[in-house]
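Enquirer: Using the sequences and the hints, build the whole thing.
Single-letter residue listing:
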Amino acid sequence: MRDNRFEMFILYNREMLEQMFGQNSIARIQDSFVSSLGSCLFIEYTESRRRHLKDYILSTASSSTMLIIAGDHSMVPFESIESPVNDGDGMILTDNFFAAENLLEIPDLPVSRIPFARNEGIDDYIRKLDSILSNEGLACSEKFGMTAAVWQTSAYHVFDSIDGMGEMIVSPPFSLGHNEDIVFNNLRGCLYFNVHGAEHLPGWYGQKKSSDSESEEFPLCITPSSFTGDIKTSFIMTEACFGGFAEGKESGQSIVLTALSSGISFFLGSTATAYGTYFPPISEADLLCSIFTDELRSGNPAGIALRDAKQKFARENIEKNGFLDNDDKKTLLTFTLYGNPSVGVIDERK
Amino acid sequence: MKENELKKLCGEKVRSDFPEFIDIEPTIETIDTDVKKYSKQLGRQFTGGEKKIYGYVYEKHVNNFKKILRIVIDENGNIIKITHSK
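Chains as they are written, first to last, in the working numbering: chain G, 1 to 350; chain P, 351 to 436.
Source of the hints: derived by calculation from the structure; they are not laboratory data. Certain hints may be false.
[Said to hold, decoys possible] Selected chain P positions facing chain G (in silico; Cβ < 7 Å):
no.	residue
1	Leu392
2	Phe396
3	Gly405
4	Asn414
A quick note: this is a predicted structure, and the numbers were derived from the prediction, not measured. For every residue, glycine included, the Cβ atom is placed at its ideal position computed from N, Cα and C.
Expert: Following this line, the structure appears as structure tokens:
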């Protein structure tokens, strides 16, 4: 459950918010954070002081500090760096910048982001903040999974490690073209996706196995409209390429933005191309998600769970292979937490 | 092994297991194996960095999707892992 022992740093762009939404917007945003999280340290972002702000945050933070970036890429930019994998992504986005003292891949501070969607006004954003930040602990008595057929062996490995009772849908045969739409409502637990995504597409897609000659290769399996119900009692973990890429999009064009608008507690996804293996032993996105769920189960709130998962992921890979591969580094850089970092999972058995 | 021998080994793997990438010319990455720099942050004393490791990256586009196949191989020709884009 949410732990008020945490010291919350909120990084925001006062100048841009005032220009876009008026002076009153700052007080409203601050009120929303404080009324849900208690006292917060609000830090004003300016581009010219970016490096100085990083140093200030990391030198001021204690072991109980969490950082929330309130705004999108145009307000408080992600760090843009060259993709470690030569896969055509070019520059990729990471929020590790403000959280990593030395090496960018390894964050020292828990960090999450609550972005604006392009079509959101200040009232929408405040409503979203109030909803996301008021979330207490998550029960995790249920779970839902969806995987591309080609990934299903590795996906079940991750899905089985998630608390709760539930089924995983495999695509194909599942496809939105041949089945009724899915709308999530009041699910208490994790929504897990091991599917395909692309930078410019709003939905996520399955993929047939090479032995399947009948099905469409990439059937559409989920769209943003599935996340417009009451999903406050859920969190999302997706391994889709660009599953956590939201920049410049409206909420209906992006699953992460739609889910946040609907008040999802937190969302883990990649800002760029993500990687994995067809079969265990799991690695890259599968391994990070699996460690993240372990960390949640051990009682850590989402922000700490991701920071610690990234550290364990790096340690395990170096110990196993003797090096940190380029797609491991990319996994560490691009997997981004959105939403409330102070929410954790309640063990209902206790 | 020489670079062309490693490339041939990866090509054989592609031909046998991932034939859709047969016609793709891979790009070759050299993996940074210096892991000592992670020791302090991760609380372990890492050594290593002696073996050379390469990543062979095959990229193709199908419909709206980019499909990446990566084969990671050491200088002795041992395939360490094979990964795919999501």
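Enquirer: Among all the numbered hints in the text so far, which are the ones the structure does not match?
Expert: none
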